[in-house]
Amino acid sequence: MTELPTSSDDTGSVATDSVDAALQSLDDEGMVGYNYAYLDEHTKREVRRSMLKAVAIPGHQVPYASRPMPLARGWGTGGIQASLSMLGPTDTFKVIDQGADESVNATNIRRLAETTADVATTTDTTEADLIQSRHRIPEEVLTGEQRLVLQVPIPDALRTVDASDAANRRRHGHRNYGKMWVHLYENVVEYGEIQIASRYPTMVADRYLMDPSPIPRWDVPKLDDADHLTILAAGREARIYAVPPHTAVEPLAFEDRAFTVERFPEKSCHACGSTDTYLVEVSEELGTDDAASFETRYACNDSSFCEKRREDPDLQKDHHLERDEVQWGPMTADADAGGESS
Amino acid sequence: MIILSVDGLTKTFDVHVLGDTRVVGLKDVSFDVTDGEFLAIVGESGSGKSSLLKCLYRTYEPTSGSVVYTTPDGPVDVASCSDRAVMSLRRDALGYTSQFLDEIPRVPAVDVVARPLVEKGVGRADARETARTLLSALSVPAELWEAYPATFSGGERQRVNLAQAIAPKPDLLLLDEPTSALDPNTRRAAIDLLSSYLTSDTTVIGVFHDTDVVEAVADRVLVLDDGRLQHIVPIEAYEGRVMSE
Amino acid sequence: MTLLEATDLEVVYGSRCHECLSSTGSRAGTNQCVNCGSVVACARADLSLEPGDVLGIVGESGSGKSSLAELLALEQASEATVRGDLQYAGYDGNLLEIDYQTRHDLRTSEISLVHQHIRDGLNLEFTGGGNVAEKLLSAGHRSYADVRERVSDLFEETEIPVDRIDDRTNTYSGGMQRRVQIARALVTNPDLIVLDEPTTGLDVSVQARVLDMFRRVQREENVATIVVSHDLSVVRLLADRTLVMRHGRIVESGLTDRVMEDPHHEYTQTLINSVI
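So the sequences go chain by chain: B, A and V. Numbering-wise, the working numbering puts 227 at position 227 of the first sequence, and it's gapless, one number per residue. In the working numbering, each residue carries its 1-based index in the second sequence increased by 342. In the working numbering, each residue carries its 1-based index in the third sequence increased by 587.
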């Protein structure tokens with residue numbers, strides 16, 4: 001064991017006579033040495049100011065000074081800063097990563113919030129005040145009381161057609177999106193229909209072109225005239241943008257080549273039997289006898305909703321609301337975003 | 343009816359590259375042209391024949407004097423009118439051939455000839471048909487019709503040139519040595535075509551090299567000498583005179 | 588009805604002092620001000636265009652012809668000070684002072700520029716069809732089928748093989764790329780096209796074809812054109828009227844054949860005589 005110098009001040013300090021002891025004492029003390037919700041108040045204020053500006057100009061990317069976080073860039077540092085700036089001790093926090101609460105990344109983010117902000121956490125979408133998500137919007141309808149934070153790798157939809165940020169900023173400033181339309185045209189030329197799988201270019205309030213983050217097309221219609229606030233935050237790129245409640249959000253499409261969501265013809269979730277949720281392929285090893293064989297099955301991507309559906313297969317996506325038949329993306333009442341499963 | 347009235351036309355060139363030498367092209371030329379007549383311009387080399395024609399077409403800007411055309415919209419003096427008025431006149435009333443065919447590099451001969459008709463509103467197919475008729479009348483071999491004039495002989499190009507100028511039947515045709523590169527037979531054919539294709543309303547002012555052409559078609563002859571108009575006489579008074587080179 | 592009327596146009600790079608105009612120009616023999624070093628790219632330029640006119644602008648390097656052409660095409664020369672009055676049919680006021688959006692709309696639908704250098708006019712990563720479609724899409728056309736049809740029509744018009752329509756523009760030959768620029772310039776049926784040195788970078792035989800094609804299309808569509816070239820034969824072929832520029836000033840103007848065969852100005856005579 002290495003000998004370390006002892007500190008002379010004992011009050012609220014870290015024991016330093018051994019590495020193990022040092023770690024132990026940090027563990028016990030929890031929030032000592034950290035501000036509430038990890039970030040200092042000045043940072044939180046700046047992030048909230050940026051968020052307010054983003055809300056005031058829907059779809060416009062607001063730069064902010066993205067702080068170093070105890071997570072590498074590319075792992076949701078923007079989303080974490082947004083969440084930690086908003087969380088208060090009475091909030092309940094849900095974190096999902098590609099629909100799963102139990103992924104390593106989601107778990108670590110949740111634990112950081114628990115430890116430093118002393119918040120309750122949940123896997124139940126309908127119980128959460130704040131939901132941070134990587135690349136999905138939950139199946140269950142979000143209400144006006146809830147906030148959604150989406151993790152964003154590349155905040156600018158125009159990056160696909162021009163690598164120059166300076167040029168793109170000018171284009172956004174002048175609502176000059178011709179190049180993106182050419183991109184869509186060429187997509188149709190190649191595939192016969194618009195085949196963009198994620199980061200689907202979307203107009204917000206008919207003014208700014210937005211990258212909705214790598215959520216599937218399935219989720220994009222949920223942003224249109226939603227009851228809830230969506231904050232999109234990029235830590236590495238240091239940009240925040242927002243879709244305020246009841247904002248028009250329209251995916252780009254041609255009159256004769258409409259926007260369509262993903263299709264899952266004749267597929268259903270193997271666990272709960274759902275045919276109206278976003279499904280993903282799951283490859284599982286078949287038994288232990290024949291180690292070389294795999295079976296491809298489909299499962300709901302939103303695992304917490306799938307769990308509820310396993311209990312009650314007829315559970316509606318708006319079951320928790322007083323009103324019925326809420327329009328919430330594909331496969332809900334009045335949804336006409338196209339792409340039904342056959 | 344007088345279709346063109348030239349009065350005191352003078353053209354001098356200030357050639358700066360020769361130390362501002364002044365070269366006199368035409369001196370005080372005056373004459374009238376009657377609607378429908380065929381006026382031949384003759385004279386020695388350097389007498390100003392081409393210069394006169396170019397002044398009439400306004401390729402040269404007259405230094406002084408007037409060149410007044412009678413148009414349906416009234417008299418137009420190209421010596422003093424706007425560029426735009428000249429463009430209108432050229433488009434609506436004048437035809438012109440220079441001695442050298444301005445090549446339009448990659449247009450087949452038949453389309454070179456058809457183009458002025460198309461611009462006047464004739465359908466492309468009809469225009470090409472007329473073009474072929476004219477080329478044929480000028481003995482341009484059929485295998486050349488779809489070829490590019492850049493590869494033609496001087497005589498072949500001259501005939502394409504002529505066909506192009508007469509195709510739209512302009513009111514007034516200005517021809518600068520249109521048959522100089524042709525052998526006597528082809529020359530004959532060209533002149534016959536001029537006579538037959540053009541209506542009695544077409545006025546022709548042509549610079550000609552050869553007396554037989556002049557004698558065959560001209561109504562009057564204008565003789566230039568050293569930039570001055572020596573005399574202008576009816577063809578009967580001219581016939582028999584030998585042209586000096 | 589005049590399409591375009593320009594008075595006293597001026598493009599100056601630099602601070603522009605009181606001696607700039609008097610110390611530059613054809614007689615001064617330079618376009619750089621002796622006092623402040625500003626470059627007077629063009630000054631005291633007046634011109635007008637009727638619908639369907641073709642105007643040529645000739646001059647050597649530094650004559651100001653490209654600066655003038657770009658100004659007329661409403662290009663923004665960011666480092667330069669621009670003065671003068673530019674009137675355009677259907678628009679009130681001085682076009683040099685319009686707001687960004689109006690300028691953008693004009694340049695999308697009514698006034699097209701074919702750049703001298705292909706990389707300035709096209710996105711070489713897009714398909715040929717995509718480059719032409721961009722103008723239509725920027726103008727707000729949202730029917731894929733209509734856009735596709737119009738683009739194909741333009742390919743035919745400009746003699747580009749239609750089977751190359753979905754190939755990337757950087758796989759096209761120089762002549763084809765130039766045609767794509769012209770197709771793109773024509774696709775929104777503009778009233779005015781500015782061609783800036785249209786033969787740059789093309790082989791001689793290709794130049795001839797491209798110019799012939801443009802001449803035909805211009806006459807069929809009756810689109811007003813300004814063609815800028817150092818090559819007199821290009822202007823001779825296309826333009827009804829011509830301006831001759833030197834050191835930023837227009838030294839001569841008139842019917843093209845008149846300027847070429849009966850040049851008045853000393854410089855024009857030198858220029859004409861210099862043609863091999």
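No lab work stands behind these hints, which were simulated from the structure alone. Given the structure is predicted, the values throughout are model-derived calculations rather than measurements. Idealized CB from N, CA, C, for every residue including glycine. Careful, some of the hints might be misleading.
[What the hints assert, rightly or not] To list a few chain A residues with every Cβ distance to chain V over 10 Å, as calculated:
hint : residue
1    : ILE344
2    : HIS358
3    : VAL359
4    : ASP377
5    : LYS396
6    : THR401
7    : SER406
8    : MET429
9    : VAL449
10   : PRO483
11   : PHE494
12   : GLY496
13   : ALA523
14   : ASP554
[Claimed, not checked] Chain B side only, calculated, beta carbon under 7 Å to chain V, not exhaustive:
hint : residue
15   : TRP75
16   : VAL182
17   : GLU186
18   : VAL188
19   : TYR191
20   : GLY192
21   : ILE196
22   : GLU250
23   : GLU255
24   : PHE259
25   : LYS267
Against the structure, the hints:
In this structure ILE344(A) is separated from chain V by more than 10 Å, as the shortest Cβ-Cβ distance comes to about 25 Å. Some Cβ of chain V comes within 10 Å of the Cβ of HIS358(A); the nearest lies about 4 Å off, and the non-interface call is violated. With a least beta-carbon separation of about 6 Å from chain V, VAL359(A) fails to lie farther than 10 Å from that chain, contradicting its non-interface assignment. Here ASP377(A) stays apart from chain V, with its beta-carbon at least about 25 Å from theirs, past the 10 Å limit.
Some Cβ of chain V comes within 10 Å of the Cβ of LYS396(A); the nearest lies about 7 Å off, and the non-interface call is violated. With a cut of 10 Å on Cβ distances, THR401(A) falls inside the contact zone with chain V, its closest approach being about 5 Å. Once the 10 Å rule is applied to beta carbons, SER406(A) is consistent with being away from chain V; the minimum gap is 14 Å. With a minimum CB-CB distance of about 6 Å to chain V, MET429(A) fails to clear the 10 Å threshold, and the non-interface call is violated.
With a least beta-carbon separation of about 6 Å from chain V, VAL449(A) fails to lie farther than 10 Å from that chain, contradicting its non-interface assignment. In this structure PRO483(A) is separated from chain V by more than 10 Å, as the shortest Cβ-Cβ distance comes to about 23 Å. Every CB of chain V lies more than 10 Å from the CB of PHE494(A), the least distance being 16 Å, so the non-interface label holds. With a least CB separation of 20 Å from chain V, GLY496(A) remains clear of the 10 Å interface cut-off, as annotated.
At the 10 Å boundary, the C-beta of ALA523(A) stays outside the reach of chain V, the nearest C-beta of that chain being 21 Å off. With 10 Å as the threshold on Cβ separation, the claim that ASP554(A) sits away from chain V holds: the shortest Cβ distance comes to roughly 30 Å. For TRP75(B), the interface hint is violated, since its Cβ never comes within 7 Å of a Cβ in chain V; the closest pair sits about 31 Å apart. Interface restraint check: VAL182(B) against chain V, minimum CB-CB distance 5 Å, threshold 7 Å, status holds.
Annotation: interface hint on GLU186(B) holds; nearest CB of chain V at approximately 5 Å, less than 7 Å. Given hint, VAL188(B) at the interface with chain V, holds; its Cβ is 6 Å from that chain's nearest Cβ, closer than 7 Å. Interface hint at TYR191(B): violated, since its Cβ lies 12 Å from the closest Cβ of chain V, which is beyond the 7 Å cut-off. For the restraint placing GLY192(B) at the interface with chain V, the shortest Cβ-Cβ distance is roughly 10 Å, beyond the 7 Å limit, so the hint is violated.
Here the hint on ILE196(B) is broken, as its CB sits about 14 Å from the closest CB of chain V, past 7 Å. Interface restraint check for GLU250(B): the shortest CB-CB distance to chain V comes to about 12 Å, outside 7 Å, so the restraint is violated. With a least beta-carbon distance of about 5 Å to chain V, the hint placing GLU255(B) at the interface is held under the 7 Å criterion. For PHE259(B), the suggested interface contact is broken, since its CB lies about 12 Å from the closest CB of chain V, more than 7 Å.
The beta carbon of LYS267(B) is not positioned within 7 Å of any beta carbon in chain V (closest approach about 29 Å), and the interface hint is therefore violated.
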